[in-house]
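Asks: So you can see what is in the structure, the chains are spelled out below.
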Amino acid sequence: MDTILKKHVSRRTVLGAGALGVAMLAMPSILRAQDKSLKIGVYGGYFKNSFDKNIFPEFTKATGIAVESVAEPTGEAWLVQLEQAAKAGAAPADISMMSQVAMIKGQSTNLWTPLDVSKLPNSKNLIDRFINKYPDGRVAGIGAVAWYITLVTNTDVYKEAPTSWQALWDPANADKLGLLALVSNSFLLEVTAKTFFGGTNALDTEEGILKVFDKLAEVKPNVRLWYRDEAQFEQALKSGEIPMGQYYHDVTGLAASEGHPVRSTFPKEGGIQDSGCWALSRASKKVDEAHIFIDYMSQPAIQATLSRKVGTAPTVKRELLDLNDKEFAAVSSDIEPILPRYDLLTTKADFLNQKWTELIVG
Amino acid sequence: MKREAPQSVADYGPLFFPAGMLLVFFVVPFGTMIAVSFFQRQQGGFYTPAFVFSNYERFLSVFFGGVLGFSLMLAITVAICCVVLALPFTYLLSKLPRRLQVIWLVALLSVLSLSEVIIGFAWSTLFSRTAGITNILVQLGLMKQAVALSPSFGAVLTGMVYQALPYTVLVLYPALVRLDPTLMEAARTLGSSPLRAFFNVLVPALRNTIMATLIMVFIFALGSYLLPQILGRPQHWTLSVLITDQAIYQSNMPFAAAMAVFLVLVTLGLVALTLLIGRKGEKA
Numbered sequence: 001m002d003t004i005l006k007k008h009v010s011r012r013t014v015l016g017a018g019a020l021g022v023a024m025l026a027m028p029s030i031l032r033a034q035d036k037s038l039k040i041g042v043y044g045g046y047f048k049n050s051f052d053k054n055i056f057p058e059f060t061k062a063t064g065i066a067v068e069s070v071a072e073p074t075g076e077a078w079l080v081q082l083e084q085a086a087k088a089g090a091a092p093a094d095i096s097m098m099s100q101v102a103m104i105k106g107q108s109t110n111l112w113t114p115l116d117v118s119k120l121p122n123s124k125n126l127i128d129r130f131i132n133k134y135p136d137g138r139v140a141g142i143g144a145v146a147w148y149i150t151l152v153t154n155t156d157v158y159k160e161a162p163t164s165w166q167a168l169w170d171p172a173n174a175d176k177l178g179l180l181a182l183v184s185n186s187f188l189l190e191v192t193a194k195t196f197f198g199g200t201n202a203l204d205t206e207e208g209i210l211k212v213f214d215k216l217a218e219v220k221p222n223v224r225l226w227y228r229d230e231a232q233f234e235q236a237l238k239s240g241e242i243p244m245g246q247y248y249h250d251v252t253g254l255a256a257s258e259g260h261p262v263r264s265t266f267p268k269e270g271g272i273q274d275s276g277c278w279a280l281s282r283a284s285k286k287v288d289e290a291h292i293f294i295d296y297m298s299q300p301a302i303q304a305t306l307s308r309k310v311g312t313a314p315t316v317k318r319e320l321l322d323l324n325d326k327e328f329a330a331v332s333s334d335i336e337p338i339l340p341r342y343d344l345l346t347t348k349a350d351f352l353n354q355k356w357t358e359l360i361v362g
Numbered sequence: 001m002k003r004e005a006p007q008s009v010a011d012y013g014p015l016f017f018p019a020g021m022l023l024v025f026f027v028v029p030f031g032t033m034i035a036v037s038f039f040q041r042q043q044g045g046f047y048t049p050a051f052v053f054s055n056y057e058r059f060l061s062v063f064f065g066g067v068l069g070f071s072l073m074l075a076i077t078v079a080i081c082c083v084v085l086a087l088p089f090t091y092l093l094s095k096l097p098r099r100l101q102v103i104w105l106v107a108l109l110s111v112l113s114l115s116e117v118i119i120g121f122a123w124s125t126l127f128s129r130t131a132g133i134t135n136i137l138v139q140l141g142l143m144k145q146a147v148a149l150s151p152s153f154g155a156v157l158t159g160m161v162y163q164a165l166p167y168t169v170l171v172l173y174p175a176l177v178r179l180d181p182t183l184m185e186a187a188r189t190l191g192s193s194p195l196r197a198f199f200n201v202l203v204p205a206l207r208n209t210i211m212a213t214l215i216m217v218f219i220f221a222l223g224s225y226l227l228p229q230i231l232g233r234p235q236h237w238t239l240s241v242l243i244t245d246q247a248i249y250q251s252n253m254p255f256a257a258a259m260a261v262f263l264v265l266v267t268l269g270l271v272a273l274t275l276l277i278g279r280k281g282e283k284a
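As given, the protein sequences belong to chains P and G, one line each in that order.
Quick note: the first sequence, position 41, residue 41 per my numbering, numbers continuous.
Quick note: the second sequence, position 266, residue 266 per my numbering, numbers continuous.
With the rest of the complex left out, here is chain G (with noise of 0.2 Å):
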């Protein structure tokens, strides 16, 4: 069947809908905020419109370089981690009859139905020397005292990543549900181990859909600014606990503007970047 282009306007009325929903939920805010981080700041005031650079001086410092290159790091490894973990997990899981996939399914949906603050405070509570994991295992006779595991790094990264895990999962499931199974029954006949057949034919075959699912999680990391904020140190703070605290708590918009800009450019870059390594290593 061939498709036919478009003859009129009415053949693009389909387009209108989501045209529009893009303007009004992205377009409009995204620029509104681009405005917004040209203004010039009013101290103990608010701002007025202008167009001055001021606020993107201040950002560019060293300082909140090494605060922009830990939140771009975090949320590098928080979605390598959850690739790493959900890619055997899921699967493992297409693998299970279908009764059971559905069970495992509701369950990692049901994480998803809990708030950043609930999962925040549950960790923080776990970690904590006096009513956490550790104490288990002082009992168990595996250590001498329980100790306080928040706030640290790992605690972040932990939490994090198990936010994001069932995103993880519910992305790369579709794509592995519909993978071929002769490609790893090939593999096997062919005297391949397992665990050899998973990496060398089921991670290249499902490369795009990797990456994809690594950039989504990478993305979904980058705006956390909750559990940074109860489960780590200040270090630990990321680029979006200092945009909150501009926007809220010192009422600089401009400023919180031009630091919520260039972290969607960085990314954008990122991404692309991302994308055209990935299509240059297809040609190859």
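One chain only, chain P, in its complex shape (with noise of 0.2 Å):
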């Protein structure tokens, strides 16, 4: 009898088993769960290469949701792309990494799909400043990463580290430094506001700003290169051709780990800190994967993968890292930073590009 009983209930496990199996290849809904899946840009080239390689596949593991990672150019002309796509009902990505300003401009037209804070419990990690919201507050992106500029020197040439942004003005730097090309990118009106008008609301008027830029203006002697390609600047920096200048913390600090002769100072004004979020086209459908991904990378241990692996300053609270001081450190700093004016790159963009266009050039 036991035997029978056992071959039967065996049996019909094996039968069991088998029209569950062939339910399973049958069925389209447990079918699109298998496919379920995201299109994720990220700035092509660095940033891509470390996420597919730490961040994605872990992702993947743990939620069962497939990424396809998209190389994103830097600049506007990705918000430009995902804008004229979602004219055309298309996303070529569903989730993108963003610039502030981007954020705001893509606000402008709706461009991002309204994230629901409830779906998105770890979004309480966050320092305040990385929630980017419409002006009616509904979220419009959750920051993904920061990063800091700072200011770098070629230790050959320069024994001890500047302290103060100071140090760009200072006569004996002559035709010695490196700066962004871009004021939507430098971020150097906002340094020149916090070293010698006691902080950025010194650019609320338009005569402050005027200010500002005489002030900046007195820059120019000493600036040999105006970069808009980072590669130019780095290889400059660590020849000794071009000793000092504004760059990355992070890959400077990657450079200075691999032997050269670079280092990064966060001045005692600050680093100039940006940031980029995580948005969702309004063209996209996959609305739920979305605020998974976002969630699943808004979690303490992820912004502390994301600094170890990546280089990049956690988005979340310092208090609930478990970076150690050096790690901290290496991405990021206690001392307050310089936070960009991104409402002014967007609300008087072409008089501070036209403006600051004749400075450099003119």
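Among the hints, erroneous ones may be present.
Pairs of lysine to any residue residues, derived as SDA-like cross-links and limited to a Cα-Cα distance of at most 20 Å, are as follows [what the hints assert, rightly or not]:
| no. | chain 1 | residue 1 | chain 2 | residue 2 |
| --- | --- | --- | --- | --- |
| 1 | P | Lys348 | G | Tyr249 |
| 2 | P | Lys238 | G | Gly132 |
| 3 | P | Lys355 | G | Tyr56 |
| 4 | P | Lys355 | G | Arg58 |
| 5 | P | Lys87 | G | Tyr47 |
| 6 | P | Lys348 | G | Arg58 |
The following label-pair restraints were derived from C-beta to C-beta distances [claimed, not checked]:
| no. | chain 1 | residue 1 | chain 2 | residue 2 | range |
| --- | --- | --- | --- | --- | --- |
| 7 | P | Asp170 | G | Val266 | 40 to 48 Å |
| 8 | G | Thr48 | P | Lys36 | 54 to 62 Å |
| 9 | P | Gly208 | G | Leu276 | 49 to 57 Å |
To be clear, the hints were calculated from the coordinates, so they are not data collected in a lab.
The structure presented is a predicted model; accordingly, all values stated were derived computationally and were not measured.
Glycine included, each C-beta is placed from N, C-alpha and C at the ideal position.
Two chains, two frames, a set of hints: combine them into the complex.
Replies: The structure is reproduced here in structure tokens:
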């Protein structure tokens, strides 16, 4: 009897398993679950490679959502592409990492699907300023990563690290600086305002802005290279050809760890903190998957992984992170950062651009 | 043989393909650009269809006039340098044995395979203080210490001439190869020195070719936006650099389009003027 029962049961089990297997193959809902996927835009090159290696495979393992990463160009080219594709109802990527200026510009055409914070429990971990909101309070994007632009020097040429952004104005540094060439990515107006005018509030009025421009003009004789292309300055900094300038803290740290004679210093006025948001195109239908992804990325543990593996500054509060002091210093600083005036870079974009171009070209 | 005038639609057939290509790849994009140049820029956003002149108004200023002037001057200088260098070179090349000619032409063509980025970075290294050519001069005892030759106007000019020279040679080459050798022989028989014959016989005989080459290199150089950025200071940036800034970094398409339209019109005007002067000169 026992053996018969056993046999019976086992036979049923086998049949059942077989039937279930057939059902699994036949049922569309299950099939759909298998190809749950997201197209995610991240800056091409180093960022995309790091995310492909360190972040996306773990995400797929944890959630079953496959990731197809898309290399985005920097600048606003990607925003223009997303906008034009959205008009045609297409999304070249569901979620993209967007700059703050691009976030504000996208808001003006409702390009970003508002995010539901109740589906993003981890978003409470974030520092408040990393939650990007529409003017009416809907959430447009969630801080993905942050990074610093700091004062960098070649250690062969400068034995002592500079302590203040004022070094850029020092007549001793004539023809030695490499600075970013655009008003929208160098944030030098903010630096000038914080260093000489007590804070970026000095830029609130047009008069104030012009005063800051005048002060910034004094830097010109010291500048050898106004660069758009990062590789151009990095190379010159490493070789000592252009021994001082503004550059990305993480990349400089990486170069220093590879043995190049470079250092990144947080001046006493603070480094410039820029950041990118995750934003969902309104043309994307993958709203649920997108929320799962953004929530996943907002976990302190993932932010710590990003800091260790990609070299970005965390967007979640420091006390939630398990980064030790050395790891934290490699990507960030406790000195209060200089925060770019993204509002001005959109509302007064053409005025600033015109004055800036006249300043450096003229 | 007398060529008959086309009789039916089918006789115009061979024209359809080039006309179609021209329409798709030139007329439509250029028309779009002209349309966009009149659109209304939305600061902090994109643009909306409209018919406004504000983009052109913004361009009409001393500042942009200066940049446009510099761009034209740079392109003309590049064109003249290229032709001055390439004409004697190509002439001597056309006198070489066939095998050597082929080797030279292949070498020149291989320069064309280099991208602008590579050319720019290569020259910026050659002109640098730490690794550049001045270090060789120091070792030879010709200079006291190495100096940086870039960024400077000379560096921009060198890079752009380097980039355009192969085109110049390739455009001049067929005309020089086909040139009647008896012309020079006659000049020599009549007692002219080779140098004199070159300037008094060869150059005038090739006047139209030289003019066409100048115009081609001028237009080629006018579009350059990467080399001035890599090898020049901001005052050496061409209008193309500022157009790129507006289009890519400011997403101000209407203003970028207006600048581009202006640049095209000025270019066409200059080319027309050159041809007009050339024709008048012929009549005289």
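Asks: Against each hint, give a clear statement of whether it holds in the structure.
Replies: Status of the hints after comparison with the structure:
Our distance criterion of 20 Å between C-alpha atoms is met by Lys348 (chain P) and Tyr249 (chain G), whose separation comes to about 15 Å. Among the hinted pairs, Lys238 (chain P) with Gly132 (chain G) is consistent with the structure: their alpha-carbon atoms are about 15 Å apart, no more than 20 Å. Pair hint Lys355 (chain P) plus Tyr56 (chain G) holds up; C-alpha atoms about 18 Å apart against a cutoff of 20 Å. For the proposed pair Lys355 (chain P) and Arg58 (chain G), the alpha carbon gap of about 13 Å is at most 20 Å, so the pair holds.
At roughly 13 Å between alpha-carbon atoms, Lys87 (chain P) and Tyr47 (chain G) fall within 20 Å of each other, so this suggested pair holds. Only pairs whose Cα atoms come within 20 Å are accepted, and Lys348 (chain P) paired with Arg58 (chain G) is accepted, the gap being roughly 15 Å. For the hinted restraint 40 to 48 Å between Asp170 (chain P) and Val266 (chain G), the CB-CB distance of approximately 42 Å keeps it satisfied. With their beta carbons about 38 Å apart, Thr48 (chain G) and Lys36 (chain P) fall outside the hinted range of 54 to 62 Å.
The hinted window of 49 to 57 Å between Gly208 (chain P) and Leu276 (chain G) holds, with their beta carbons roughly 53 Å apart.
Comparing the model with each numbered hint stated earlier shows that hint 8 is the single one that does not hold.
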